[in-house]
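*Asks:* Read off the chains here:
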Amino acid sequence: MAHRKSLNDAPERLPLSESRALAHQFDDSLQQRDAATFGFWIFLTTEIMFFGGLFAGYVVYRNIYTDAFAEASRHLDIFWGTVNTAVLLFSSLTMALAVQSAQLGKQMRLVALLASTFLLGSVFLVIKFSEYAEKFREHLVPGISFALSGPHAAHAQIFFVLYFVMTGLHALHMIVGLVLIAVLIVMALTDSFSPEYHTPVETIGLYWHFVDVVWVFLFPILYLVDRSS
Amino acid sequence: MTHQADSTGRYLVTFLALMVLLALTVAASFIHLGRLNWLAALSVSTVKTLLIAYYFMHLRTTSRLTWMAAVAGCVMLVILTALILTDSWTRSWLS
Amino acid sequence: MTATTHPLPENYLNTAYGWRSWLLTTDHKRVALLYLISITLFFFLGGFFALLIRLELLTPAGDFVQAETYNKLFTMHGLIMIFFFLIPSIPSVLGNFLIPLMIGARDLAFPRVNLLSWYIYVIGGTFTLTAIVTGGVDTGWTFYTPYSSTYANSNVILTALGVFITGFSSILTGLNFIVTIHKMRAPGMVWFRLPLFVWAHYATSIIMILGTPVLAISIALIGIERIFHVGIFDPAIGGDPLLFQHLFWFYSHPAVYIMVLPAMGVVSELITCFSRKRIFGYSFIAFSSIAIAVLGFLVWGHHMFVSGQSPFAGVAFSMLSFLVAIPSGIKVFNWMATLYKGSISYDAPMLYALGFIGLFTIGGLTGLFLATLAVDVHMHDTYFVIAHFHYIMVGGAVMAYFGGIHFWWPKITGRLYPEGWARLAALVVFVGFNLTFFPQFLLGYLGMPRRYHAYPEEFQVWNVMSTAGASILGIGYLIPMIYLLWSLRYGRAAPSNPWDARGLEWQTASPPPTDNFETTPVVSNDPYDYGAPEKSERRAGEVAIV
Numbered sequence: 287m288a289h290r291k292s293l294n295d296a297p298e299r300l301p302l303s304e305s306r307a308l309a310h311q312f313d314d315s316l317q318q319r320d321a322a323t324f325g326f327w328i329f330l331t332t333e334i335m336f337f338g339g340l341f342a343g344y345v346v347y348r349n350i351y352t353d354a355f356a357e358a359s360r361h362l363d364i365f366w367g368t369v370n371t372a373v374l375l376f377s378s379l380t381m382a383l384a385v386q387s388a389q390l391g392k393q394m395r396l397v398a399l400l401a402s403t404f405l406l407g408s409v410f411l412v413i414k415f416s417e418y419a420e421k422f423r424e425h426l427v428p429g430i431s432f433a434l435s436g437p438h439a440a441h442a443q444i445f446f447v448l449y450f451v452m453t454g455l456h457a458l459h460m461i462v463g464l465v466l467i468a469v470l471i472v473m474a475l476t477d478s479f480s481p482e483y484h485t486p487v488e489t490i491g492l493y494w495h496f497v498d499v500v501w502v503f504l505f506p507i508l509y510l511v512d513r514s515s
Numbered sequence: 086m087t088h089q090a091d092s093t094g095r096y097l098v099t100f101l102a103l104m105v106l107l108a109l110t111v112a113a114s115f116i117h118l119g120r121l122n123w124l125a126a127l128s129v130s131t132v133k134t135l136l137i138a139y140y141f142m143h144l145r146t147t148s149r150l151t152w153m154a155a156v157a158g159c160v161m162l163v164i165l166t167a168l169i170l171t172d173s174w175t176r177s178w179l180s
Numbered sequence: 003m004t005a006t007t008h009p010l011p012e013n014y015l016n017t018a019y020g021w022r023s024w025l026l027t028t029d030h031k032r033v034a035l036l037y038l039i040s041i042t043l044f045f046f047l048g049g050f051f052a053l054l055i056r057l058e059l060l061t062p063a064g065d066f067v068q069a070e071t072y073n074k075l076f077t078m079h080g081l082i083m084i085f086f087f088l089i090p091s092i093p094s095v096l097g098n099f100l101i102p103l104m105i106g107a108r109d110l111a112f113p114r115v116n117l118l119s120w121y122i123y124v125i126g127g128t129f130t131l132t133a134i135v136t137g138g139v140d141t142g143w144t145f146y147t148p149y150s151s152t153y154a155n156s157n158v159i160l161t162a163l164g165v166f167i168t169g170f171s172s173i174l175t176g177l178n179f180i181v182t183i184h185k186m187r188a189p190g191m192v193w194f195r196l197p198l199f200v201w202a203h204y205a206t207s208i209i210m211i212l213g214t215p216v217l218a219i220s221i222a223l224i225g226i227e228r229i230f231h232v233g234i235f236d237p238a239i240g241g242d243p244l245l246f247q248h249l250f251w252f253y254s255h256p257a258v259y260i261m262v263l264p265a266m267g268v269v270s271e272l273i274t275c276f277s278r279k280r281i282f283g284y285s286f287i288a289f290s291s292i293a294i295a296v297l298g299f300l301v302w303g304h305h306m307f308v309s310g311q312s313p314f315a316g317v318a319f320s321m322l323s324f325l326v327a328i329p330s331g332i333k334v335f336n337w338m339a340t341l342y343k344g345s346i347s348y349d350a351p352m353l354y355a356l357g358f359i360g361l362f363t364i365g366g367l368t369g370l371f372l373a374t375l376a377v378d379v380h381m382h383d384t385y386f387v388i389a390h391f392h393y394i395m396v397g398g399a400v401m402a403y404f405g406g407i408h409f410w411w412p413k414i415t416g417r418l419y420p421e422g423w424a425r426l427a428a429l430v431v432f433v434g435f436n437l438t439f440f441p442q443f444l445l446g447y448l449g450m451p452r453r454y455h456a457y458p459e460e461f462q463v464w465n466v467m468s469t470a471g472a473s474i475l476g477i478g479y480l481i482p483m484i485y486l487l488w489s490l491r492y493g494r495a496a497p498s499n500p501w502d503a504r505g506l507e508w509q510t511a512s513p514p515p516t517d518n519f520e521t522t523p524v525v526s527n528d529p530y531d532y533g534a535p536e537k538s539e540r541r542a543g544e545v546a547i548v
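Chains as they are written, first to last, in this note's numbering: chain Z, 287 to 515; chain L, 86 to 180; chain X, 3 to 548.
In isolation and in its complexed conformation, chain Z is listed as follows (with noise of 0.2 Å):
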């Protein structure tokens, strides 16, 4: 990287790894590291704004359509949304301790941390998408094959569309996530992390654990909206 740092730049206060490291447009690697993160929680917040359309949508339709909104509820599998739900916040776990081995320098930890972290996110998707599975055989994926009868078939519709968006969307992100740790386990197989310089797993940590939020509020919203009769 060619660096045309400005004449009152005081190169010698870099450490080598470091300024291997550090764009030309940063004066050192704390503004660097500080434009990275405060970038990325911006990114998460135009995230948070894209899948709250749909849960804003999702207010709408459940306060107008409530008791068709529990019904279908009801037909989700509550004990695989429960499994999901503990398998992403585990990952979120493991991912946690991954940026911490990496601020620690402990490399073999933040492969096998990585690792773990990839595992859960796959067994999460395995779920959700043989809990799909099973709809489609249940026939209730609406525009594909919905077959539902009673009063308020019509409107449990809508929950379904809204089911398989708003999962849908964030399995696309999960996937997405898993792409990205698995970038990341090559990175750190090629020493490319130190204590000094460990950015990227930091942010890809964040849009993890982004990625967990969301399902946090998914899973009650989708699974648990009345399960007392």
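Hints are not guaranteed to be accurate.
[What the hints assert, rightly or not] If you only want the chain L side, here are some residues facing chain X, beta carbon under 8 Å, derived:
hint, residue
1, L150
2, M161
3, L168
4, T171
5, D172
6, R176
7, W178
8, L179
[Claimed, not checked] Chain X residues, not near chain L, derived (Cβ > 10 Å throughout):
hint, residue
9, P11
10, L47
11, L57
12, F66
13, F129
14, P148
15, L341
Hints are computed from structural coordinates only; laboratory data are not their basis. Each residue gets a CB set at the ideal place from its N, CA and C atoms; glycine is no exception.
We have chain Z; now place chains L and X onto it with these hints.
*Replies:* Same frame as chain Z, now just chains L and X:
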């Protein structure tokens, strides 16, 4: 911001708290709370989110400016939902 | 007289040549030029559709194109002008070029993300162009359901994909600007020493970040409903078409502030420079930009007064819409106060800025008519609305864009444009614009609906006037294309500060070196310290408030 690593214990405790809250939210759905059901679920989810954001996502040690970015998104969501509801709740009032 | 008599010092233009140095650049100034070329192409494409629309409307009968074709013309005119010209114009060209310079930085915070945003823009634009040449889309740029989701037979999905993709270009630009302005300011460049251009873009970026994703999801939902033939807007299963409008306008109303806030930022710079006077009410203008960004998110329902929205919600949105006019009014008052007793010169950029003030005021005031619920019942979907938003978008934003292009042209290209021709073009644009759009206020008042290719006889005289104006306006836009291109080769070489303006961008060479400054500037004086020397001798950090 400083990047001294948090202790493993802190992360483990946070995780355990999250699991307890998960059990709580599932159990609550089996209790007939009627109109308050959504409030209970939303509250638990919010607490879980705060734990994840504060500890796992390091908001505890991140600048207030970055907090603002996250808060802004949530505030906007509330505005979006609330103003849409002012329409959908009152649509039948004149009919 | 060219500048080739002695070799130019190294600058961002001559530092490297060849395709790859442009298409793989991370220099914010080169990315700005990439955007400049792309949006200019879209501007003329959108203008071409406008020309066809005005040709049809010369006669009352629908005799130039068929109704379905006409629907496609106004749809594509709107889509192109809004998403591919106006929204990126000032931020992606002038903002990209100037923000690092104005804050004393070497580049934006994320130069590669900047380049990525241009590529995303181009990819989205390509999808939309493909949709246009393979049959077009006729839903109106507003994509209302259930027509767009169920009944339309045109290229809705392709167009929606193009707009969806381009939205991310906007998001990445906004993200880059926010981080840059927070984290990359030179020493001494505190918030209240920032040029108002930067404040304006900061506010714009907030809107881009918070609003665009909601547009993206609402368009994605239309795509899903079209593909799977069922969706959450589908009335057959209890869906509410109005929900789409809520989600759509949640973005698309703030989007108009994305278009006008940067323009106001440009105007602040121009007014102060060409009045040779410190801007009046700096902090009022700065805070009003933020206020517009925030309040702009609370008013979207005023687009839906007659769509079936509850009248109670209508009242709420109407009152909030009145509120959002206040910060805009504050800006206009502050600009007027800056002009008062200023030493005014009428260079082309100033002509555009003055035009902005007058035309934006008219556009803004007519917005109040439309925000008034009872009046809007009659005005909605008439030419009154069209005139209102064109006064702001064209009379306002486009004029400010041209003003900014002229003002910073010497900095960007190292060349001076011919001032005489530029003033002429500005006047032609002003005359042409008013002749095009003022009659449309009258047409709307008289009841002519929008999006109709045929109309009753009694409206013809105003329509003819409008079309005549449009041709003059078109000429007014073509003239700068010619002399600006001419100046690239034959224009006089520009000094670093041809206007004797204030601001860090004028303290480096024209064109600037790749890293913008020889050494990182240290800022100790207030912005806009024009005027008498004693007025600018203030303590560091002190700002002229009111």
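*Asks:* Next, verify each hint and record whether it holds.
*Replies:* Taking the hints in turn, this is what the structure says about them:
1. L150: 7 Å, holds
2. M161: 5 Å, holds
3. L168: 7 Å, holds
4. T171: 5 Å, holds
5. D172: Given a least distance of 4 Å, the restraint on D172/L holds.
6. R176: 4 Å, holds
7. W178: 6 Å, holds
8. L179: 6 Å, holds
9. P11: For P11/X, whose nearest Cβ neighbour in chain L is about 38 Å away, the distance exceeds 10 Å, so it holds.
10. L47: For L47/X, whose nearest Cβ neighbour in chain L is about 33 Å away, the distance exceeds 10 Å, so it holds.
11. L57: Non-interface label stands for L57/X: nearest chain L Cβ at 40 Å, farther than 10 Å.
12. F66: 39 Å, holds
13. F129: 27 Å, holds
14. P148: Label holds. Min Cβ-Cβ 18 Å, cutoff 10 Å.
15. L341: About 35 Å separates L341/X from the closest Cβ of chain L, which puts it past 10 Å; holds.
The structure fails none of the hints (numbered hints given earlier).
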